[in-house]
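Chains as they are written, first to last, in this note's numbering: chain B, 2 to 437; chain L, 15 to 299; chain F, 7 to 310.
Since the hints were derived computationally from the structure, they do not count as laboratory data.
Some clues are possibly wrong.
Pairs of lysine-lysine, DSS-like flavour, derived with a Cα cap of 25 Å [stated by the list, open to error]:
#1 B/LYS69 to B/LYS183
#2 F/LYS73 to B/LYS428
#3 B/LYS213 to B/LYS418
#4 B/LYS182 to B/LYS156
#5 B/LYS407 to B/LYS417
#6 B/LYS433 to F/LYS73
#7 B/LYS314 to F/LYS73
#8 B/LYS163 to B/LYS182
#9 B/LYS407 to B/LYS241
#10 B/LYS418 to F/LYS73
#11 B/LYS241 to B/LYS368
#12 B/LYS157 to B/LYS376
#13 B/LYS183 to B/LYS245
#14 F/LYS55 to B/LYS428
#15 B/LYS213 to B/LYS428
#16 F/LYS55 to B/LYS317
#17 B/LYS368 to B/LYS157
#18 B/LYS245 to B/LYS157
#19 B/LYS317 to B/LYS123
#20 B/LYS433 to F/LYS299
#21 B/LYS182 to B/LYS241
#22 F/LYS117 to B/LYS213
#23 B/LYS317 to B/LYS53
#24 B/LYS314 to B/LYS157
#25 B/LYS262 to B/LYS362
#26 F/LYS73 to B/LYS417
#27 B/LYS368 to B/LYS213
In silico contact screen, one side only, chain L against chain B (beta carbon under 7 Å); selected entries [said to hold, decoys possible]:
#28 SER151
#29 VAL156
#30 THR251
For every residue, glycine included, the Cβ atom is placed at its ideal position computed from N, Cα and C.
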Amino acid sequence: MRISRLGGSIAALGTAAVLAACSSGTPASPGTPAANAGPVTLEFWCWGSAQKANVEAFNKAHPNIQVKHTDVGGGTDTATKLLTANRAGNGPDAACMEYETLPSMIVAGALADISAYTGDIKDAFSPEVWDLTSFDGAVYGVPQDVGPMVLVYNKKRFQELKIEPPATWQDFANVAADVRKKDPEAYLATFAPAEFGNFAGLAQQAGASWWKVQDQTWTVGIADQASLEVADFWQGLIDKDLVKAEPLLTPEWNNKLNKGKILTWPAALWAPGVLYGIAEKQAGDWAIAPLPQWKAGDDRVAFQGGSALTVTKSSKHPEAAATFAKWMNTNKTAYDRQIELGEYPASLAGQQAASSSAPPKLTANQKDYWDIATKAAQRTIPHISWGPNVNTAKSAYQDAVSAAIKNRTPLRDALKKTHNLVVEDMKTTGFKVAGP
Amino acid sequence: MSATGHVLPHRRAQILPTLVLLIGSIYCLVPVAWVLVASTKSSGELFSTFTFAPGTGLLDNLRDLFTYGNGLYLRWTANSVLYAVAGSAVSTLISTLAGYAMAKYEFRGRNILFYAVLAGVLVPGMTLAIPQYLIMSEMDLVGGYWSVLLPGLISPFGIYLARVYAMASVPDATMEAARIDGAGEYRIFGSIGLPMMIPGMVTIFLLQFVGTWNNFLLPYVMLSDETKFPITVGLYTLLSKGSGQPVLYGIAIVGAAVSVIPLIALLLFLQRFWRLDLLSGGLKG
Amino acid sequence: MTATTRAERRSRAPYLFVAPAVLLFLAFLAIPIGYAIYLSARGLRLTGKGIFGTREEVFVGLDNYLKTLTDPEFFAGFGRLALYGLISVPLTLGLALLFALLLDHAGSRAKRFSRTAIFIPYAVPGVTASLLWGFMYLPSTSPFSYLTRELGLGEIPFLGAGGIYPSLANIAVWGGVGFNMIIIFTSLRGIPSELYDAARIDGASEWQIAWRIKIPLVAPALVLTGLFALIGTLQVYGEPTTVRPMTTEISQDWVPLMHIYRNAFIRDDLPLASAASVLLAAGTLVVSVVLLKVTQKRAFGGMQ
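Next up, chain B with everything else stripped away, as it sits in the complex:
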């Protein structure tokens, strides 16, 4: 690290010097350290295709802060690497982090509270979104993209099979059965055992609350009534062979999707961008619909996925890193590029810009795309609370659910197993946990 850092900073110094020469006379933007401190070099870890170009744009606009971007893998890999790097004392200055992993990162002591620098941008976000990164007045990152849940469906195939997007989950089950009858090779949807965040979102929509904290005492509800009912619902579909239980986005799954044998993906607003990467040829064939509801007439949905740009505790330049995090998520250049690449920005201005832009390529022919998207975004469930050991919960969930599907044992038992493991882990670590 020593060697590489040195190399990196020498290179950055070179670029900074050139840039400084070009832009001499420009006043330093607010929040940057005094000019005599010289340019600050920040290490930044993030995945996603929009990052590289946005970082370059930021560097151009900020001669005093030079950011070096590294893609260390997806959301899970980045969290994993950040934890170990933090323990070893050689983490980056800023990193993208999925919302669900934030509490565990805070408990691990990996993230810095940047509330001192974020007063001016709080209003740039809706309260639901801002709550994703702020806890009791402390702010642990600037929201970057959000994923209000929607149903992404292959409209062309729906029309061929003469079916309509389901409004409720009961309809969803009926349509699933209909699909199996009309095309025995096709399935309406996939139930993927690894999709912890997806299941959590569906359970939240049904009224589940997986973690709650009050006065440092936690309540865990991974196997609460609502969650068990959601598990039973999917259990029924799997047992009757109405949905296919298999991992998502494998070469195999992609192939089936391309052949039109997977008709929907109940996911979030980032999903059309992902599917476009697999099924470019189906651009224009797809559309989004509001996520099915448990009760007809409801319109509440949860968030799935999405990430914030956080500042690490080990950073020696938290203020510069916060400046970077703010710029990346409120600047027009940055959110325009996000939208272009299929991400749904977290900031209000970004969402505004999105609603007047063209729909993503996968759903290019859908006129009301942004109407549905905006409505979903406005009706997300506020105050979602993730626990301090989501990493453990996630891996426990994935193993228990995979095993349940493999051994044909009930999904509700897998949820209970996950619940017990999570509670036990929290107690071992020393958290106060109310109830069983």
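With chain B held as given, fit chains L and F onto it using these hints.
Chains L and F alone, transformed into the frame defined by chain B:
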């Protein structure tokens, strides 16, 4: 046994063993053939055409591969070469020195050292990855080239082989004669021991080279900056990112094909220098 | 005078020769093992700092060992490993021995080609091999499933519940046969041919010669390759990890090393992972020593 009876089993004795060997060869070559064919397919063809039918996307795939992340693939190749060549060369020298000393000198602690080396051969290197990571982070080396190079320098198996080879190939009488002629111990090693051990060193080097080239867990644990990855970790991340950016599956396949070709060529070329009898020959001693 | 300095130098020389190895051995084997043992007695526990509290490292005694030893999943991992090893180790050794004997057999043809072809997988890293085989197992890209589908037999469930062990073991067999074959082959070549001539005069068939003379004489090489195969099995990590995204059959803690990796990095519990590492290393050592005792003096024993 009649004359005819002698001929028939003889021919059968040719056909059957040859057939079995050829089946074994095909078994070993099929995946290599598959990846070479698959690398010619565009991402659509990969799933839609017969697996062994060549596709039309080879040039596009190669372009995608070499332009991915501003030429990351070439970086990974260069890194793999650095880790494997530099690491194995130094490691071979260290092993040779230690093995030579353990074979040719009586010194206090020799037996302890021998048992330590033996234990080192038997402890799975993989279980050490995590403690090594922690030590490296204490030394503030995690994430850099040294974090992968340094742990690779010590090879208990290499020391063990060097010791076996020194015992077998460096005669005590020659060393004693040199001593009588007034040569010092370091000169004896340089002018007698080292030259005699060169064939053995080549084998140790090659074993170490392939081991390092194929190593996955150590660099995977140590590194986070993808510009320092060796090919194994690079290809793995392409696959694991593939779920978010599915286009990368294609790149991973071409990357695998391209990485396999030079290694096979190297292996074919170096085959004649292998002295694996050293492995089994030494055991009979 | 000169005699003393030379004797001194002679007594100093071996220490200098082994010094780099000893230093590296201490730094990257002995100290990490010691550190792992130290860490295995510690644990991350909550302290009052921060809004949710912060986890910090404290001494917890044998808690981590207790937790590991009472974790049925950890042992289930060994069970899966055993099943995998029961397929891969005998097959690797058996095929390696078979091919080595055939290469040594006077009647075989195409020897040079076969030897090279069978050795080639050794040059393919395990991760790459898993990637290749993984795609060859997936129904839509598998040439085997393509054939069976064309024949109306349906697809082969390589990555299904029944197929996963043979499929993963196959990757290890594929990668390991060549290297082991060469070791056994070179040791076959070391056997003086007079031994066979004598047997042939006595009327022994080629199979009898192989069974009665060749195999017993290459036993040390077999023990060595067997030991490597066993250690290799205990270290299985890369293959199932690479294949994992393609199937629901492989859990995050499918084999012990994956269990350790998951605890260390995904669940952020290095102390717990260290305890499991220590147990695994000790277990390997015991297994190896037992194996060597059983086959005593055939391999390493003879070296003393």
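Which of the listed hints are not met by the structure?
1, 7, 11, 20, 22, 24 and 27
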